[in-house]
Amino acid sequence: MFDLQGFGDQLLEGATITIQLAMASLVVGLILGTLAAVARLSDNRIAQKIATLYSTVIRGIPELLTVLIIYFGTATLLMAIARQFGYDEYIEIGPFTAGVIALGLTFGAYASEVLRGAIIAIPKGQREAGLSIGMSPMKIFFRITMPQVWKLALPGLGNLFLVLLKDTALVSVVGLHDIMMKTREAVSYSKDPFLFYSAAAFLYLSLTIVSMVFIHYMEKRTNRWGGQA
Amino acid sequence: MDFAVIVEYFPRLLQGAVTTLELVLVSGIIGSLLALPIGLARHSHRWWLKAIPYGYIFFFRGTPLLVQIFLVYYGIAQFESIRESSLWPYLREPYWCAIIAFSLNTAAYTAEILRGALGAVPRGEVEAAKSIGMRKVQLYKRIMLPRALGMIMPAYGNEVILMLKGSAPASTITLLDLTGMARTIIARTYTPIEIFLAAGVIYLLMSMAIIQLFRYLEMRSNRHMEVAR
Numbered sequence: 001m002f003d004l005q006g007f008g009d010q011l012l013e014g015a016t017i018t019i020q021l022a023m024a025s026l027v028v029g030l031i032l033g034t035l036a037a038v039a040r041l042s043d044n045r046i047a048q049k050i051a052t053l054y055s056t057v058i059r060g061i062p063e064l065l066t067v068l069i070i071y072f073g074t075a076t077l078l079m080a081i082a083r084q085f086g087y088d089e090y091i092e093i094g095p096f097t098a099g100v101i102a103l104g105l106t107f108g109a110y111a112s113e114v115l116r117g118a119i120i121a122i123p124k125g126q127r128e129a130g131l132s133i134g135m136s137p138m139k140i141f142f143r144i145t146m147p148q149v150w151k152l153a154l155p156g157l158g159n160l161f162l163v164l165l166k167d168t169a170l171v172s173v174v175g176l177h178d179i180m181m182k183t184r185e186a187v188s189y190s191k192d193p194f195l196f197y198s199a200a201a202f203l204y205l206s207l208t209i210v211s212m213v214f215i216h217y218m219e220k221r222t223n224r225w226g227g228q229a
Numbered sequence: 001m002d003f004a005v006i007v008e009y010f011p012r013l014l015q016g017a018v019t020t021l022e023l024v025l026v027s028g029i030i031g032s033l034l035a036l037p038i039g040l041a042r043h044s045h046r047w048w049l050k051a052i053p054y055g056y057i058f059f060f061r062g063t064p065l066l067v068q069i070f071l072v073y074y075g076i077a078q079f080e081s082i083r084e085s086s087l088w089p090y091l092r093e094p095y096w097c098a099i100i101a102f103s104l105n106t107a108a109y110t111a112e113i114l115r116g117a118l119g120a121v122p123r124g125e126v127e128a129a130k131s132i133g134m135r136k137v138q139l140y141k142r143i144m145l146p147r148a149l150g151m152i153m154p155a156y157g158n159e160v161i162l163m164l165k166g167s168a169p170a171s172t173i174t175l176l177d178l179t180g181m182a183r184t185i186i187a188r189t190y191t192p193i194e195i196f197l198a199a200g201v202i203y204l205l206m207s208m209a210i211i212q213l214f215r216y217l218e219m220r221s222n223r224h225m226e227v228a229r
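Line by line, the protein sequences give chains A and B. Going by my numbering, 31 is the number at position 31 of the first sequence; the sequence numbering is gapless. Going by my numbering, 211 is the number at position 211 of the second sequence; the sequence numbering is gapless.
To be clear, the hints were calculated from the coordinates, so they are not data collected in a lab. Fair warning: this is a prediction, and the values are worked out from it, not measured in the lab. A virtual CB, placed ideally from N, CA and C, is assigned to each residue, including glycine. Be aware that one or more of the hints could be misleading.
[Unchecked claim] Partial pick of chain A residues on the chain B-facing surface, computed with a CB cut under 10 Å:
{"no.": "1", "residue": "61"}
{"no.": "2", "residue": "63"}
{"no.": "3", "residue": "75"}
{"no.": "4", "residue": "169"}
{"no.": "5", "residue": "179"}
{"no.": "6", "residue": "191"}
{"no.": "7", "residue": "195"}
{"no.": "8", "residue": "196"}
{"no.": "9", "residue": "198"}
{"no.": "10", "residue": "200"}
{"no.": "11", "residue": "207"}
[Claimed, not checked] Straight-line alpha carbon distances no greater than 30 Å define the calculated DSBU-like cross-link-like pairs of lysine-lysine that follow:
{"no.": "12", "chain 1": "A", "residue 1": "49", "chain 2": "A", "residue 2": "124"}
{"no.": "13", "chain 1": "A", "residue 1": "139", "chain 2": "A", "residue 2": "151"}
{"no.": "14", "chain 1": "A", "residue 1": "191", "chain 2": "A", "residue 2": "166"}
{"no.": "15", "chain 1": "A", "residue 1": "49", "chain 2": "A", "residue 2": "139"}
{"no.": "16", "chain 1": "B", "residue 1": "50", "chain 2": "A", "residue 2": "166"}
{"no.": "17", "chain 1": "A", "residue 1": "220", "chain 2": "B", "residue 2": "50"}
Please model the entire structure based on the sequences and the hints provided.
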């Protein structure tokens, strides 16, 4: 049906990079998001301020700008720090690392809002019940709060993952060989942009559909005991 | 940090910000005009009327905006018939290509928001309108749409902010929007941190202004409910 002129496997190779980037950013983002959500709900004023600033700033600037700042900025920053320690070599962070940091930061900022909402929704009595039978706050967090938060936050986090998946395309701007970059290479060789960008769109659409099916499965799985959080 | 660079190039950054706002405003207007019929069709009870907008919305929400921009900018120009048509002077310009891509993209998101609001108009109000003999056109013009408009505002405000941030990839097709301008300046001055941060601050300020604007609009379009609240 489509003649990809032998670039099919190149595009698929790009797709594996895109998937790797999305997965790595998801892990980083979930960790950052949880930390930020907990910080905002903590009693520590400074932690609250930092977490609020983080989520406001990241959500207010374009993802592309975040990617550019991390890619070009981090290297400059690291070099400035290294120079203080007498290290004068050129430092560079790769596009993949920069992408993971930038997209992880973005996902984390949005996820912190979703997770914060979910944590608030857990009845206070459960925490008090935990305390009354002598559980430590850490134990309450991991054994009572988190398992239920997961269930409440899953639909929101699922949507954020779909956004993250599409944002991975932006990292091609700093030279990552993902679907977009591979497509660009194919276009410059074949002079057939419409076909190849359509193929790229189709690949992203397939990834989106697979993710949606998986998210749906996870939601069903977490709700298999029924009941409410 | 070299603040002199920021001061020196600030007017150029503002110039870029104006282009960004222009892109958002023009594609916002075209997008919402397109969203109206799409959202109405999506709300319909006839399956064939629902199917087309569903496919349209699924495509534009499931693929990265960057792919959509490239499809319009590089993809369409490939066809002889387009290059010979009277629209070519526009379709050749990155500015109009960006506007076309953004308009189609935001139309998909806005249509989905509109569909949600149309579905949320209280049943009783629809029935009341029908019982006093309003025709379908009257029902939509006088009851459904004005009601939906009031409900849409918070979600549409979010969409406009997403559009503002989504406009940054326009810089990849050589447009000198805020991000594009920042990248051009950096190519000359080699001060990525200073200029990108300045651009980030301008984006943040624009987001905040949009949030305020939509708070005001929401208040205005719901002012008849002031007493009820």
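Would the stated hint for residue 75(A) survive a check requiring a Cβ distance to chain B of less than 10 Å?
holds, 9 Å
Does residue 198(A) pass the interface check with chain B, least Cβ-Cβ distance below 10 Å?
This interface hint holds because 7 Å falls under the 10 Å limit.
Min Cβ distance, residue 61(A) to chain B: is it shorter than 10 Å?
holds, 4 Å
Are residue 191(A) and chain B close enough, Cβ to Cβ, to be under 10 Å, as the hint says?
holds, 8 Å
Given the hinted pair residue 49(A) and residue 139(A), is their alpha-carbon gap at most 30 Å?
holds, 26 Å
For the hint on residue 169(A), just tell me whether its beta-carbon gets within less than 10 Å of chain B.
holds, 4 Å
Sort out whether residue 166(A) lies within 30 Å of residue 50(B), counting only the CA atoms.
holds, 25 Å
Cut-off 10 Å, beta-carbon criterion: hint that residue 63(A) touches chain B
This hint holds: residue 63(A) lies near chain B, its Cβ roughly 7 Å from the closest one there, short of 10 Å.
Can you verify the interface hint for residue 207(A): is its Cβ closer than 10 Å to any Cβ in chain B?
holds, 9 Å
Could you grab the alpha-carbon distance between residue 191(A) and residue 166(A) and see if it respects the 30 Å cut-off?
holds, 25 Å
Please verify whether residue 139(A) and residue 151(A) have alpha carbons no more than 30 Å apart.
holds, 18 Å
Residue 200(A) as chain B interface residue, shortest Cβ-Cβ below 10 Å:
Cβ of residue 200(A) sits 5 Å from chain B, so the hint holds.
Comparing the model with each earlier hint shows no violations; every hint is respected.
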